[in-house]
Amino acid sequence: RLDGVSVTLSFLDRFYERSGDAGMSTRTQRLARHVLLGGGTLLGRREASFAATFLAPFPARRHTDIRAEIAADVLDVLGFVLPAARWNAANLREHGGFVAEAVVSVSWVPRRLVKRVFVYYIGDAVHVG
Numbered sequence: 001r002l003d004g005v006s007v008t009l010s011f012l013d014r015f016y017e018r019s020g021d022a023g024m025s026t027r028t029q030r031l032a033r034h035v036l037l038g039g040g041t042l043l044g045r046r047e048a049s050f051a052a053t054f055l056a057p058f059p060a061r062r063h064t065d066i067r068a069e070i071a072a073d074v075l076d077v078l079g080f081v082l083p084a085a086r087w088n089a090a091n092l093r094e095h096g097g098f099v100a101e102a103v104v105s106v107s108w109v110p111r112r113l114v115k116r117v118f119v120y121y122i123g124d125a126v127h128v129g
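Numbering of the sequence shown is given in the numbering used here, commencing with residue 1 and proceeding in unit increments.
These are calculated hints, taken from the structure and not from any lab test.
For each residue, glycine too, the CB sits at the ideal point set by N, CA and C.
One should not assume that every hint holds.
So the derived label-pair ranges between C-beta atoms look like this [unchecked claim]:
#	residue 1	residue 2	range
1	P110	Q29	16 to 22 Å
2	R93	L2	23 to 29 Å
3	V74	L2	41 to 47 Å
Kindly generate the complete structure, drawing on both the sequences and the hints.
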């Protein structure tokens, strides 16, 4: 048995926003959130399944930005000297878009799982994958 288990699913919109004359910042908006289990108990050696439904959004924000790409390129060059700069560049390149995030906590130890959701607008239909 596992006691004190919490499972939360969120649907996030991660986008870029211009700030000032030459600045750019990353932003995140939570579009939906479902708490599927809050401090509950899971039985040992048994599969637990959780499901949630989110409405497919229409991509209306900037999920790419030229300033973010330039900053990532500069950080990538600095990565030869500072390894953390290369990791930061990869995170900056992957920021934009829709993501589904699952947070599973056992007592006070959380585990975060993030999967990118692809949304395509083709003709008169929105396709989600």
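We went through each hint and held it up to the structure:
no.: 1; hint: P110 to Q29: 16 to 22 Å; result: holds (21 Å)
no.: 2; hint: R93 to L2: 23 to 29 Å; result: violated (36 Å)
no.: 3; hint: V74 to L2: 41 to 47 Å; result: holds (45 Å)
Violated hint for the displayed structure: number 2, the only one.
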